[in-house]
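Residue numbers (this note's numbering), protein chains in the order written: chain A, 253 to 504; chain B, 90 to 490.
Just so you know, the hints here were simulated from the structure itself, not pulled from any lab data. A hint or two may mislead.
As the list claims (entries may be wrong) - Not everything, but these chain A residues come out facing chain B in the computed CB check (under 7 Å):
no.: 1; residue: PHE325
no.: 2; residue: GLN329
no.: 3; residue: ILE353
no.: 4; residue: ALA357
no.: 5; residue: SER362
no.: 6; residue: GLU369
no.: 7; residue: ILE371
Said to hold, decoys possible - Dumping the calculated DSBU-like pairs for lysine-lysine here, alpha-carbon to alpha-carbon at most 30 Å:
no.: 8; chain 1: B; residue 1: LYS96; chain 2: A; residue 2: LYS380
no.: 9; chain 1: A; residue 1: LYS393; chain 2: B; residue 2: LYS96
no.: 10; chain 1: A; residue 1: LYS493; chain 2: A; residue 2: LYS280
Small disclaimer: the values here were computed from a predicted structure and weren't measured. Virtual Cβ for every residue (Gly too), placed ideally from N, Cα, C.
Read off the chains here:
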Amino acid sequence: MGILEVSNVNKRFGGLQALGNVNLDVAKGTVHAIIGPNGAGKSTLLNVLVGKLVPDTGTVLFNGTSVLGLKPFEINQLGISRVFQTPEIFSDLSVFENMLIPCFAKRDGSFRMHALESIASEKDIIEKAEHMLAEVNMADKRHMTASSLSRGDKRRLEMAMCLVQEPKLLLLDEPTAGMARADTNNTIDLLNQIHDSREITMVIIEHDMHVVFSLAKRITVLAQGTPLVEDTPDNIKGHPKVKEAYLGEAAA
Amino acid sequence: MLGLSKKDTTFLLVVIFLTLATPILLQPFPENSALAQFNAGYPDLMQRFAIFGIFAIGFNILFGLTGYLSFGHAAFLGVGSYSVVWMYKLLNYNVLPGLVLAIVMSGLFALFIGYISLRRSGIYFSILTLAFAQMSFNLAYSVLTPLTNGETGLQVYNNDPQVLMSEGSPTSPHFFGIVMNEATKVDVGGWQFTFSNGYYFCAIIAIIVFYLSLRIFRSPFGIMLRAIKTNQTRMNYTGLNPRPYTLAAFVISGMYAGLAGGLLAAMDPLAGAERMQWTASGEVVLMTILGGAGTLMGPVLGAGFIKYFENIFSKINDSILHSWFSALPDGLEDFVVFVFHPFIGKGWHLTLGLLFMLVVIFLPGGLIEGGNRIWNVISGKNRKKKRDEAAHHPKPTSHVN
Numbered sequence: 253m254g255i256l257e258v259s260n261v262n263k264r265f266g267g268l269q270a271l272g273n274v275n276l277d278v279a280k281g282t283v284h285a286i287i288g289p290n291g292a293g294k295s296t297l298l299n300v301l302v303g304k305l306v307p308d309t310g311t312v313l314f315n316g317t318s319v320l321g322l323k324p325f326e327i328n329q330l331g332i333s334r335v336f337q338t339p340e341i342f343s344d345l346s347v348f349e350n351m352l353i354p355c356f357a358k359r360d361g362s363f364r365m366h367a368l369e370s371i372a373s374e375k376d377i378i379e380k381a382e383h384m385l386a387e388v389n390m391a392d393k394r395h396m397t398a399s400s401l402s403r404g405d406k407r408r409l410e411m412a413m414c415l416v417q418e419p420k421l422l423l424l425d426e427p428t429a430g431m432a433r434a435d436t437n438n439t440i441d442l443l444n445q446i447h448d449s450r451e452i453t454m455v456i457i458e459h460d461m462h463v464v465f466s467l468a469k470r471i472t473v474l475a476q477g478t479p480l481v482e483d484t485p486d487n488i489k490g491h492p493k494v495k496e497a498y499l500g501e502a503a504a
Numbered sequence: 090m091l092g093l094s095k096k097d098t099t100f101l102l103v104v105i106f107l108t109l110a111t112p113i114l115l116q117p118f119p120e121n122s123a124l125a126q127f128n129a130g131y132p133d134l135m136q137r138f139a140i141f142g143i144f145a146i147g148f149n150i151l152f153g154l155t156g157y158l159s160f161g162h163a164a165f166l167g168v169g170s171y172s173v174v175w176m177y178k179l180l181n182y183n184v185l186p187g188l189v190l191a192i193v194m195s196g197l198f199a200l201f202i203g204y205i206s207l208r209r210s211g212i213y214f215s216i217l218t219l220a221f222a223q224m225s226f227n228l229a230y231s232v233l234t235p236l237t238n239g240e241t242g243l244q245v246y247n248n249d250p251q252v253l254m255s256e257g258s259p260t261s262p263h264f265f266g267i268v269m270n271e272a273t274k275v276d277v278g279g280w281q282f283t284f285s286n287g288y289y290f291c292a293i294i295a296i297i298v299f300y301l302s303l304r305i306f307r308s309p310f311g312i313m314l315r316a317i318k319t320n321q322t323r324m325n326y327t328g329l330n331p332r333p334y335t336l337a338a339f340v341i342s343g344m345y346a347g348l349a350g351g352l353l354a355a356m357d358p359l360a361g362a363e364r365m366q367w368t369a370s371g372e373v374v375l376m377t378i379l380g381g382a383g384t385l386m387g388p389v390l391g392a393g394f395i396k397y398f399e400n401i402f403s404k405i406n407d408s409i410l411h412s413w414f415s416a417l418p419d420g421l422e423d424f425v426v427f428v429f430h431p432f433i434g435k436g437w438h439l440t441l442g443l444l445f446m447l448v449v450i451f452l453p454g455g456l457i458e459g460g461n462r463i464w465n466v467i468s469g470k471n472r473k474k475k476r477d478e479a480a481h482h483p484k485p486t487s488h489v490n
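Same shape as in the complex, but just chain A (with noise of 0.2 Å):
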């Protein structure tokens, strides 16, 4: 029994069949990676277990509540966190209060009207805020408008404001993407230290093998919507099944 469990689950764009039966047990504290080649349905996978997309046919459970037909706030109070391939922070917004607000959400819901209450009033919001930056390192930019970040502070932002709402699953769509070898580094870091401390389940989508193979302790194939092998790294590394998806029929 895996904490996500996906079967059967089909979704066609017209004459695009972008997933087919596409089966995915999650197990519970793991890193999970999705790998494949450009067009393989990652992405379209990530966006059916957040509530963007809703599939033709299959089920999707999480924690063994189906998410199908749920909006992605919903989703997210389920505890599904997603970080995104260009980090989704509140640009306009300062540091610390881009912290805030997933602080509001986790403890207020999806809303409540708290129009005359101060924010200086709330120690607890504020405290764990204040804690979570100072995970992160970033407890001196606190003031600093989140748009002026750097790229790498950006994605650490986001990451923290997914963090701070302690979620179960953690779905990460490309955490490197266009980052410079130091910066992805300082990502495998950050990830591998956040799932040694928690143990929050993680669903990695990766096109970096470097990357993929630092964290994953689990790996599916995919390959025009259909998965076609899932195993240990080890396993995968070398498997001709994955050659072949990904180089073509010669190199296999």
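We have chain A already, so just place chain B on it with the hints.
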């Protein structure tokens, strides 16, 4: 104090002082001097400053914080006015029941319009609100004549029930006996100051609603509204539902508009459909952007600025121009008057339009940004402090989203 930080308390106290001293501050020129026509300290105009200030403060809660540009806020202004006049007709000239009804009715109206319009964002939202406002205007103008008295406008007649009206009660709008259009005139030297009941009634309400908007800006709710403006995707993926937040902001700003409309009828017991026309909706957008959208004081400044122009510039005519430039040789005098002519009198819109263009192009943050820049030059503040300032005043929108 009052749940505000020290800085905000000082800010509020300054605003209270300025508001209460307005009848003196806006009367800088002695009565018989040539510049007396630029004095703005007469009740009718000051009441407009306060009322349209309230309107703009409310509009700013929606547009300045969430970035949703409503083009139909005049509809709520009209609903407020009609509510107050109906209470005059049914009960008596006390403004209190009318104002309460104005807030409730405009709130309900905003709930209905907002619930439908907020299904879309951006330009589609603006067009939907505009459509609703024009529908309301046309309904008020013709179809709903029994309720609005059509193009004549709603007013109190002798045969109206006025069930609470007794022998000695005032026959014009009043607040428990304080009659709105009564004023005390004080002559000091060459100056004449008018302290009108109506102005102070509006001013005190304006201070209260300004305080409320200050609280909203500083609340968790205020942060959520600003978050909606910045990134709705992240909002959704943080477990927050943007819809009820935008709807709440829409209803609050609708209630502010209803209150402002009610106060218009509290000063002058009339309500006409033209109050709901799209030009009135556009005017509050201009006020907010001119003053600085998303800042606390900006919309009030913008409202004052536009109302001042409307009332003062529009009163300058050619003969006044001739008297100003009479020192010039005849031909030159005529030429100068000819040049200035399109910008004065009925042409004040042209002056306003040019100023608006200048502000939008050179001061995207509105008059408030201009003020900040001047202040920074005077006090020699460095950039770091400026950024600090920006953290306290949310950044203005440079584009409509």
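Indices of hints not satisfied (ascending)
none
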